[in-house]
Each structure stands twice: as structure tokens, then as C-alpha cells.
Amino acid sequence: MKPDFRKTMIWLHTYSGLVFGWVIFTIWVTGTLSYYNDEISQWMRPELGSQPPAQQVVNRSLQELSLRASDAKQWRISLPSDRSNRLRITWSDSLERRAKRHSVTLNSQTLAPIEPRETQGGNFFRAFHYTLELRNYGGRYFAGAAAMFMLVAIFSGIFTHRRFFRDFFTLRFKKTLKAVTDLHAIAGVITIPFCFILSFSALLIYISSYMPWSMEYHFDNGRRDIDKHISTRLSPVKPANELAIPITNFDHIEKTIQTVWPEKGAISRISYQYPYDANGRIVVTRQPLLSLSNKSEQLAINPHTGQIIEEIKPERVARMVRRVFYGLHEARFASPILRSLLFFMGLASTFLIASGLIIWLNKRLEKVKKRHLGHTIVERLNISTIMGLIIAIAGYFYANRLIPITTTDRSELEINVFLITWLCVAIYTLVRSVKRAWQELLLIAGAGYLLLPVLDFIINKQWLLQAWSNRNLIYISVESAMLITGMICLVFYGWLKRRNNHVK
Amino acid sequence: MLSSLLLQLVGLWLLSMAMNKHYRHTFANALTPMLERAFSIIGWGLLSVSFILVLLLSPLPLMIVYWVSCLALNITLVAFFNSYQENRRKRCSNRSLIKSSVIPPLK
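For the protein sequence lines, the chains are A and B, in the order given.
Adding 182 to a residue's 1-based position in the first sequence gives its number in our numbering.
Each step along the second sequence adds one to the number in our numbering, with nothing skipped, and position 80 is 67.
So that you can see chain B by itself, here it is in the shape it has in the complex (with noise of 0.2 Å):
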């Protein structure tokens, strides 16, 4: 079950990772159409083999439930995650602007 909602919260970030805005802010750089599709196959590809796992365990619907629960959750840490991360970027692009832009001391 843990197994599980691990691969569909990496599966998640993933996905997340698919998308330009996202992949900049924890790179650094462009996302390419090659590292894209990645993403996309393999972010979707756990989210699957999660679900299978799931579907694996006894009692079913139960369990269903308990899977789109966890999404809710998965989401909603990814989300703030990838948001620390822009953050993060944000600020440490900040410093090494005021640092670079410091004035040169007095000979």
C-alpha cells in the first residue's frame, strides 16, 4: 500500500516536471521535447502501475478509495514542493544579483 502511494507521488512530480514552467524553476534550464515526453510516459506510467498495486489489495473498493484520497494529498505536496522550489530559485537568483551588483570597495 505505502509502495503504492510513493509511485503515485513521484509519479505526480513527474508530471509536474512535464510542464516548461515547472522543470525551469527546479533546473534551471529548458525543458526539452525529448525530456517531455519522459516525464509524460514515466509520470503516467507510476501513476498506473500504483493504481495496478492497489487494485491488487483486498478489500477493493476500499481501497479504491483510499487511492484518490491519497491523490488529494500527493497533489496538494507536490504543489506546495514545487512552490518552495520556485521560491528557493527565486531568492537565490536575487542574492547573486545584489552580489554581483555590490559596489567594488575603495583602493
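So that you can see chain A by itself, here it is in the shape it has in the complex (with noise of 0.2 Å):
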């Protein structure tokens, strides 16, 4: 008998989904946060301040290394940004990639040294998303998996939800499985282009880790060597070791700039390279807000006259191609409202997942007279899984604001807070009822993200007053998105409990 096509595909968008869902779903949750890293790094590091940065930071900032490492061989200013307000000044003896670096945070308007909390801040859900806290056992490959069977869901998925294409923007609000469904159908229609994209990079990425045969047959070091052959970089410096005074007013060497890069703010780093060298050079990094490319600009300045030296060359069109799938993945060239459009389509992909592992158990326990194990596991695994993630989350903010500044290896308890608020969740939904335990869960969930940026008020409320009269929409939009995810889980709270009553 001739295989039904569509049955096939059913059958693989079903299970591709159910085997990695979890897995899939924590991943994009991660990622999606991933899209305000910065700002929630922001939110993470009050000590930061919400002042504006001062005029003259760069030079201010260029007199400050100037005093406290005339010998460095190289300086490097990180400059705040509009997504970041974190100052940073960093010397190292040497140009190697892994030398010693000395790094000072300072305040952005009085560049005094700021010691701001231990914390990974935001970076923790990038680096989760793709490691899962694996990194030495895997996890990369895990997420790489995950990647791929994620890409089989999407394709199969246009198959088994072609209905949804002949009755186009349709809802049924009448049954609740019913309106899950049609709002999995349309999450998966409008995120095909996103989820395509990311999902594919993702692959695309991480493709010598994957698939590491053809460069290690072909070049002695592998990686490193195709890297070198294929990356386009500025050519290396070669100190005189003849003494020379670069020029420490910047604001010459600025202009020179814009004629180049015209746009506001287009600096994001500046390196001066053996600066008392008479072949010491200066290096700006551009900001990466008008190219999809995940490769930095870069251009090179003679520290004695302020002209440009060098321009980094373009890259060979295969070498492109990756980069802008990298660019499109990670979307540093998000403007605001461009960023809170992918941010929608990370919440939309990330109902995706949830409502279709939900869909899944439902579909069959209404068909099943008895449950079997799998049943139990998968039910058991979708509450650990969703509510676990966004409670563990909230304890990582708690985390955050609780441990003590002074605690030694803070960022790491804050991940093990995150680590064991999932564990306790996973082990609470075994021991209650299922309706109780996503009743209970979103309460908890709720109340946790309702209160946070209230504690963060009793904690220190200069934070919270400096942001308002500073108007740093970043750390009140932070505080807002917590309100607004505790009415979200309370608003599903009450709905579960009036249908579980009703039910009754």
C-alpha cells in the first residue's frame, strides 16, 4: 500500500515535536530573553546608575588609563551604548587573545570606579540557551539536535496544519482545544521566517563544531586555520619600541571618524594599541546597527596624526553568508521597535512549542480510556518544563537582588539559584494533582514576578526614583515586563481555577 504523505508528516511534526519539545522550548525561552540581554544585564547591575554618560568620556576616560597604565601595551574603552549604560576601562600587558586584563567599570558621568555586583546578568540566558549548562558535556550538540529537529517540526508542520492555510486567519474561541490549536497553527504560520532563520543559523553557527571532518582532513589545526584563511582582519601591529605621545584629545580623531561612519553614536569600542609606541595604532570597532553581518567594522588611526590607516576587507561571499545568518540570529542590529518585534515573534515561537506539547497530551487523553506511563510522563514533564523555566527565571532575578554583594562566586550561586528553583518545581509537580499543580505554580509564578520590583524598591528605592528622573526607559521597562508576566500567570490563574471549579 502506497504511504499516505500527509499521515507521514503528521506523524513527524508530532513526535520530531514531542521528542526535543522540552529541550526546544527551554532554548527559545532562553533566546528570546537573550534578545534584551543588555538591558537586563542593565536591570541586574543597579550600581550601574541611570545617569546619562558625560561629554567628554572618552577623553576623560583616555586620561584615566593614561594614569593608571602608562606601561599597558594595550588600553581599550568600552563605551555605554543606548541598550547599555556600562562604562569599562581595560588594560593588558600584551596584544595576545589571552593575556591578563585589568578591567575598572566607571560611573558614566563622573567616571568614578564603580564596583558593580558579581553577575552574569542577561549574558546567563544567551550562554544557557545554547550550552544549557553543558558546556563541558555536550550541550552545544544537545541544542545543535534540538536545532534540527526543529527545523523537521516547522517543514512537517506546513503539512499537518494545511488547513490553516485554506481557512486563513480563523480562531474557534468556543472550545479551549480547539482555540489552543488554531492559535498553534497561527503562532506556526507567522513564525515559519523566524523560526526558519534561527533555527538554521543556529546549525549554521556552530557547523564546525557539527561537522569538523572536511577542515580537520584538509588543514593541520582545523578550525583555527580555515579561520585565519577565511577572516578578514586588520594586519598586526609591530611595535618600533621608539617612545612616542599619542594623542589623548579624541575629539579630532572623532571627527575624522564621522566623515567615515556619519551616524550618532556609531563608536561602541576604542583601542589604542602600544600607545606610547611610535608604530602604535588606535582601533575603533563600529556599533552594528546598520548591517545584518555579525563581523565587526573596524578601522585603524594613526595615533600621532589622527588619520585613517586601515579598513578591515571585505569577506569572501561564503564567509558572508555565514555571518549574516550568525547577524540575523543574534540581531544586534535591532532597533527598539525592531527588537520588540522579534522579541513578539520569540513569544509567539515559544506558545509554539508549549500549546503544541500540550496539544498533543490533550488530543490523546481524550481519546484513551485508561492513561498509560508515557501519558503521565509527558503531562508531569510539560508543567516541570513550562512553569519550571519562568519560575526559575523569577528565582534568578530573586537571586539576584538577595545574595549579598560581598558573597564570593556570586554569579555562580545566582545560576545555581536558577538551577535548583527548577529542581524543586520539576519535584513539587510529582508530588501534587496536575490541576492543582499548574493552579499553584502560576499563583507562585504570579506573586514572584508581582513582587520583584517591589523588593527591588524596599532593597534600594534611589534605583527605581534615579531611573525615573533620569528617564531610563530600560530599567522601568524591565521592571514593567515583570509586572506585566505576574498579571499574565495571575490571569491564567483565575481562568484555570473558575474552569477547574466549573468542572467540579
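Derived list of chain A stretches under chain B, where covered just means 3 residues or more per stretch with a C-beta under 8 Å from a C-beta of chain B: (1) 351 to 359; (2) 369 to 379; (3) 465 to 477; (4) 521 to 534.
Rather than coming from a laboratory, the hints here were simulated on the basis of the structure.
Ideal placement from N, C-alpha and C gives every residue a C-beta, glycine not left out.
The two chains are supplied separately, each in an independent frame; assemble them into the complex guided by the hints.
As C-alpha cells, this is what we get:
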């Protein structure tokens, strides 16, 4: 008998989604949060303050560097941007990548040194979404397999939900399961390009880890060698060992840079390589706001004349294709509106995955008279993954505010709180009935997120008041997002409670 | 940019109206073949114009990302709007049914 193509696709969609569904959900939630990596980091380091950067921030940072590190081989200034309020000066005794660096964070208004709390901030979500905290245990391979399964689920989903293309824009709200199925389909349709780009680029980013054999066959040092051959970079700097005083008034250099990069706030980083050498140079890095590629644009400038001496050459097409996919994945180019649209699509994809897992279970429970172990496992895994992750994220934020600043290995402790909270929720779901577990965990999540801004205000009301007076929309938006998340959880809690009482 | 996105929203809504099911729920009568063709042509036309408008802006690659991202939001908006219209019409027709079946007052 000829196999039914659509039935095969439905089977593939169902099980490709189910097998890796929980991992994909975790990756998608943390990945979506990574769109606001800098913003979350800003909230998690309130000591940095909300003040706008001073006018002469580069010149004053250079003065600070010349006082602190006149013997250093490299100075670096990481400037604050629209998304990050962190001003950091760094110096090292060598230009080697692994050279020991000394770093000081400065108040962007007064340039006084600040010691922000030790935290991974939003970067934790970014790292977690592709390592799953299993960096040395094949985390990237798990994430890669999940991306592959996601791609399979996307394409098989097109055939599975073909009705939706016929009844485009239809949502049936009469029955809960039908409404969830329709919402699942609409989320699937609107996020097809988004999910495809992200899953495909995820594979492309780590292609050298997933398929290293060709590189290892053709090059002695595998990936490192191929990178050297196909990546373009500024030519290496050779010190002349002759003393020369560099320009430390950056205003003139800034005007020269503006002729090449005319946009406002174009510079993200400034490096002085061999600052007191006649052959030294300044390297400026552009903010990645106008290009899809993740390749940093850089200019080399003569520190004695202020003239541009070198630009990075364009890379080969194949390399550029990978760079563009990498850039699309990270979306560092996104303006606030585009970022919010991408965040919306991230949330829609997250809903797509979670609803898929719930639909799988409920459709089967409707049909069977007696449930088996598989149903119970999926049911518990659904609750512990969906609610566990939501509560664990809240736990991570609580840890950020409650763990004393002087604690050693503080950032690791924050991550441990995240993981332990998740484990506790998983155990909790095992000992409670399903209905109660959903309800109670929604209540805990709702209350947890609503109380986070309150806790922040109680610990130090100046953080919020300063953000308010300086119109720091980022700090206020993060707190608002917490309140909205809390309210959504409570709305679902109320709906579920009414529904369960009605069923009784 | 904003005009392009508004055109996209209207274009999508017109395309949804080219479907008998949605048209019936919104306008309470059946869709004629001529209207269906008109809605389809204008809908696709507006979508094309909105895309062309985006192509005139720079930087072009970023604008295309904008357009595709907004497409997702606008499809969701149209889907929710049509469902709201459908529910509203059903509620109205239910109410009129109840009114017509009310027992006449006793003399």
C-alpha cells in the first residue's frame, strides 16, 4: 500500500516536536530573553546607575588609562550605548588574546570607579540557550540536535496544519482545545520565517563543531587554520620600540571617523595598541546598527596624526553568508521597535512549542479510556518545563537582589539558584495533582514576578527613583515587563481556577 | 515606514475578506466572485506596494527584516480582529433570536 504522505508528515511533526519539545522550549525561552540581554544586565547591575554619559567621556577615560596603565601594551574603552550603561576601561600587558586583562568599571557621568555586583546578568540566558549549562558535556550538540528537530517540525508542520492555510485568519474560541490548536497553527504560520532563520543559523553558527571532518582533513589545526585563511582582519601591529606620545584628545579623531561612519554614537569600542610606541595605532569598532552581518567593522587610526590608516577588507561570499545568518540570529542590529517585533515572534514561537506539547497530550487523553505511563511522563514534564522555567527565571532575578554583594562566586550562586528552583518545581509537580500543580505554580509565578519590582524598591528605592528622574526607560521597562508577566500568570491562574471549579 | 506597514495591514485584511467565511462574518452576506477577485487583487496589490515602499528605504536588508517581522504581527492582528467580528455577529444573532422567541405578554 502506498504510504499517505500527509499522515507521515503528521507523525513526523508530532514526534519531532515531542522528543525534543522540552529542550526546544527551554532554548527558545532563554533565547528570546537574550534579545534583551543588555537591558536585563542593566537591571541586574543597578550600581551602574541611570545617569546619562558625560560629554567628554572618551577623553576622560583616556586620561584615566594614562594614569593607571602607562606601561600597558593595550588600552581599551568600552563605551556605553543606547542599550547598555556600562563604561569600562581595560588594559593588558600584551596583545595576545589570552593575555591577562585589568578592568575597571566607571561611572559614566563622574568617571569614578564603581564595583557593580558580580553577575552574569542577561548574558546567562544567552549562554544557557546554546550550552544548557552543559558546556563540557555536549550542551552545544544537544542544542544543535534540537535545532535540527525544530527544522523538521517546521517543515512537517506546514503539511500537518494545511487547513490553516485554507482557513487563513480563523480562530475558534468556543472550545479550549480548539482555540489552543488554532493559536498553535497561527503562531506556526507567522513564525515560519523566524523559526527557520533561527534554527538554520543555529546550525550554521556551530557548523565547525557539528561537521569538523573536512576542516580537519584539509588543515593542520582544523577550525583555527580555516579561520585564519578566510577571515579578514586588520594587519598585525609591530612595535618600533621608539617612544612617541599619542593623541589623547579624541575630538579631532572623532571628526575624522564621522566622515566614514556618519551616524550618531557610531563607536562602540576604542583600543589603543602600543599607546606610547611610534608604530602604535588606535582601533575603533563600530556599533553594529546598520548591517545584518555580525562582523565588527573596524578602522585603524594613526595615534599621532589622527588619520585613518586601514580598514578591514570584505570577506569571501561564503563567509559573508554565514556572518549574515549569525547576525540575523543575534539581531544586534535591531532598533528598539524591531527588537520588540523579534521579541514578539520569540514569544509566539515559545507559545507554539508549549501549545504543541499540551495539544499532543490532551488529544490523546480525549481518545484513550485508560492512560499509560507515557501520558503521565509527558504531563509532568510539561508542567515542570513550562512552569519550572518561568519560576526559575524569577528565582534568578530574586537571587540577583538577595544574595549579598560581597559573597564570593556570587554569579555562580545566582545560576545555582536558577537550577535549584527549577529542580524544586520539578519535584513539586511530582507530588501534586496535575490541576493543582498548574494552578498553584501559576499563582507562585504570578506573585513572584509582581513582587520583584516591590523588592527592588524596598532594597534601594534610589535605583528606581533615579531611573525615573533620568528617564531610564530600560530600567523601568524591565520592571514593567516583570509586572506584566506576573499579571498574565495571575490571569491564567484565575481562568484555570474557574474552569476547574466548573468541571467539579 | 509606518505607511508601508499600515498598507500591509489593510492588504492582509482585504485578503482575508476575499475568503467567503470571513466576508460572511463581517458583512453578513455571501461573497460574490467579482468581489472576491477585487479583494484579492487590491489585497495583493497593497502588499506589493507596501513591500516596494520598504525597498525604497535604507538600509535595505534591515528594512526587509522589518517588513517580514511586521507581517507576523499584522497577520495576528487580522486573525484576532476577524475572530472578534465573528463572535460579535454570533452574539448579535443570538440576541435577536432570543428577542424573537420571547413569549408575548399576557392580555
